[in-house]
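Visitor: Given the coordinates of chain A, assemble chain B onto it according to the supplied hints.
Protein sequences appear in the order of chains A and B. Sequential numbering of the first sequence, starting at 1, is according to the UniProt record's numbering. Sequential numbering of the second sequence, starting at 1, is according to the UniProt record's numbering.
It should be emphasised that the hints constitute simulated quantities derived from the structure, not laboratory data. Wrong hints could be hidden among the right ones.
[Unchecked claim] Quick look at which bits of chain B chain A covers, simulated, 3 or more residues with Cβ under 8 Å: (1) 61-75; (2) 88-98; (3) 103-109; (4) 207-221.
Where a beta carbon is used, it is the ideal one built from N, C-alpha and C, also for glycine.
Here is how the chains run, residue by residue.
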Amino acid sequence: MTQLTREQARPSLPRVPALAVFEYHLIGYRRTWRAGVFSSFLLPTLAVLGFGVGVGAYIDRGVGGVSYLEWIVGGLLASTALQVAVGESTWPVFGNLQWTKIYFAQRSAPLRVNDIVAGHLAFVLFRVLTSIVAFLLVTGVLGALRSPWAVLALPVAALLTLAVAAPGFAYAAVVDTDSWLAMLSRFAVIPMTLFAGVFFPVESLPLVLRWVAYATPLWHAVDLCRAAVLGVAPQWSVAGHLCYLAVWAAAGWLLARRAFARKLVV
Amino acid sequence: MAPPLIQARGLVKRFGDFTAVDGIDVQVRAGEAFGFLGPNGAGKSSTMRMVGCISPPSSGELRILGMDPVRDGPAIRARLGVCPQLDNLDPELTVRENLTTYARYFGIPRRVARARATELLDFVQLSERADSKVEPLSGGMKRRLTIARALVNEPDIVLLDEPTTGLDPQARHLVWERLFRLKQQGVTLVLTTHYMDEAEQLCDRLVVMDGGRIVAEGSPRALIERHSTREVVELRFAAESQEAFAGKLDGVGERVEVLPDRILVYVPDGDAAVAEVAALGLEPVNVLVRRSSLEDVFLHLTGRTLVD
Numbered sequence: 001m002t003q004l005t006r007e008q009a010r011p012s013l014p015r016v017p018a019l020a021v022f023e024y025h026l027i028g029y030r031r032t033w034r035a036g037v038f039s040s041f042l043l044p045t046l047a048v049l050g051f052g053v054g055v056g057a058y059i060d061r062g063v064g065g066v067s068y069l070e071w072i073v074g075g076l077l078a079s080t081a082l083q084v085a086v087g088e089s090t091w092p093v094f095g096n097l098q099w100t101k102i103y104f105a106q107r108s109a110p111l112r113v114n115d116i117v118a119g120h121l122a123f124v125l126f127r128v129l130t131s132i133v134a135f136l137l138v139t140g141v142l143g144a145l146r147s148p149w150a151v152l153a154l155p156v157a158a159l160l161t162l163a164v165a166a167p168g169f170a171y172a173a174v175v176d177t178d179s180w181l182a183m184l185s186r187f188a189v190i191p192m193t194l195f196a197g198v199f200f201p202v203e204s205l206p207l208v209l210r211w212v213a214y215a216t217p218l219w220h221a222v223d224l225c226r227a228a229v230l231g232v233a234p235q236w237s238v239a240g241h242l243c244y245l246a247v248w249a250a251a252g253w254l255l256a257r258r259a260f261a262r263k264l265v266v
Numbered sequence: 001m002a003p004p005l006i007q008a009r010g011l012v013k014r015f016g017d018f019t020a021v022d023g024i025d026v027q028v029r030a031g032e033a034f035g036f037l038g039p040n041g042a043g044k045s046s047t048m049r050m051v052g053c054i055s056p057p058s059s060g061e062l063r064i065l066g067m068d069p070v071r072d073g074p075a076i077r078a079r080l081g082v083c084p085q086l087d088n089l090d091p092e093l094t095v096r097e098n099l100t101t102y103a104r105y106f107g108i109p110r111r112v113a114r115a116r117a118t119e120l121l122d123f124v125q126l127s128e129r130a131d132s133k134v135e136p137l138s139g140g141m142k143r144r145l146t147i148a149r150a151l152v153n154e155p156d157i158v159l160l161d162e163p164t165t166g167l168d169p170q171a172r173h174l175v176w177e178r179l180f181r182l183k184q185q186g187v188t189l190v191l192t193t194h195y196m197d198e199a200e201q202l203c204d205r206l207v208v209m210d211g212g213r214i215v216a217e218g219s220p221r222a223l224i225e226r227h228s229t230r231e232v233v234e235l236r237f238a239a240e241s242q243e244a245f246a247g248k249l250d251g252v253g254e255r256v257e258v259l260p261d262r263i264l265v266y267v268p269d270g271d272a273a274v275a276e277v278a279a280l281g282l283e284p285v286n287v288l289v290r291r292s293s294l295e296d297v298f299l300h301l302t303g304r305t306l307v308d
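In isolation and in its complexed conformation, chain A is listed as follows (with noise of 0.2 Å):
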């Protein structure tokens, strides 16, 4: 070995650990990011195509005022951000502990898991809010952004992914087989997406089923962004809707933290 890199290899710990974890997932990623992008691009554009124009068509009067592709961008702006959340936090998560065992491996550096979850974490909201930069993006040359609040659709996407995703880390890493990923897609996201007033209000559905909406994370960033698109001030409150969605997080925050304990602390 070179005294040069003898010296300066010498060990010390990175000044945030999470973000070396960070890094490992973006390299990852730097192979599949066309495919990524693309989709990020395509999805939004045939979802205001199909919904917008093709649904809208047979919506005249339009919903609450606006026309229906207006009021739908929202709720497909919250849908993505949910889909994209749930598919990086599971299948992903359960293959570094099941297949790949990338998870044992940052293990035994100096990372504590915190900065295993953090790091990993940060790169799903990253993932997330590129897709949505591309959804905005798409809508906006598309002209189904009625206002420049739109913007705040961001920072909803972000609370929206880690009240997802937390939880979602917690739940791969606890099950066992990965058909319980697929019945994850089935029984939450699938009728989350359809029920929680993405495509028609939740005022549509019966009382008891409204309430299941609310219970949802995804009605209220769904509430959220549909208000940052419109430019007009959402059902709820903004303050109510926020703290949901961050209590979402933290418990998911303190599932996965422990869920991953058990497996990588032996």
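Guide: Quick look at chain B alone, frame taken from chain A:
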């Protein structure tokens, strides 16, 4: 004398009702190549995980580099290199990226990490594969890459859990040769193995583990001298049961061990013993005279062989 790098006293690891490590005392000094030899389930890997600060001891005392593994885990791990039993490389990244991303966990600057990766790939003879993905590499190459990754932080101690298990003989020798080079450079190695030849080749000192306990400790040579004879005669008889012939060997050698397929006779002089066997009128189908090994030590201490 410098304080030991690893010091364990009465170290215990329990999983529920099962005691994997049952009160062991170990000291590893700087520059030493130290081994845990034992069959599967002896408690070697559990011990390694406690030393690697990813598994808190159930009881007993453990100090690594003078620090407490539970309280100072990250600070200790910053100075350890770990080569786990099962490779946990990232199959999607290139060989080089596996090293550079891992180096970042130790706070090593990117530029230094790249230079270090180049040196280490040269050391483990993977330079030509630097930019290929990990997935298609052979088992031996992956293991060498894992060893390189364990060296990325210039560790004070390198922990190797069964470094050559699952490798073909040629790949094993290549790994041994690299580990021997590290040893010559003064790197402290701690390894577990159930291969006695691996322990004999690499370890200055070792403990023999069985059922979570240490049953013997010393250099390979000292262990053989203490627990075995200089030579061993292996006799294989044509009959179904070797047992029947064991009785007839009375008086030959110091000790006889009967295995399902052969009889081991422990003697100071193998050739003389073979002559004695012939003089008794016994006709084994196969006769082998060899030096005593750690396998014989293990057999003597536990009544079982190392590898089933």
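Visitor: State the violated hints by number, sorted upward, taking the hints as numbered earlier in the document.
Guide: 4
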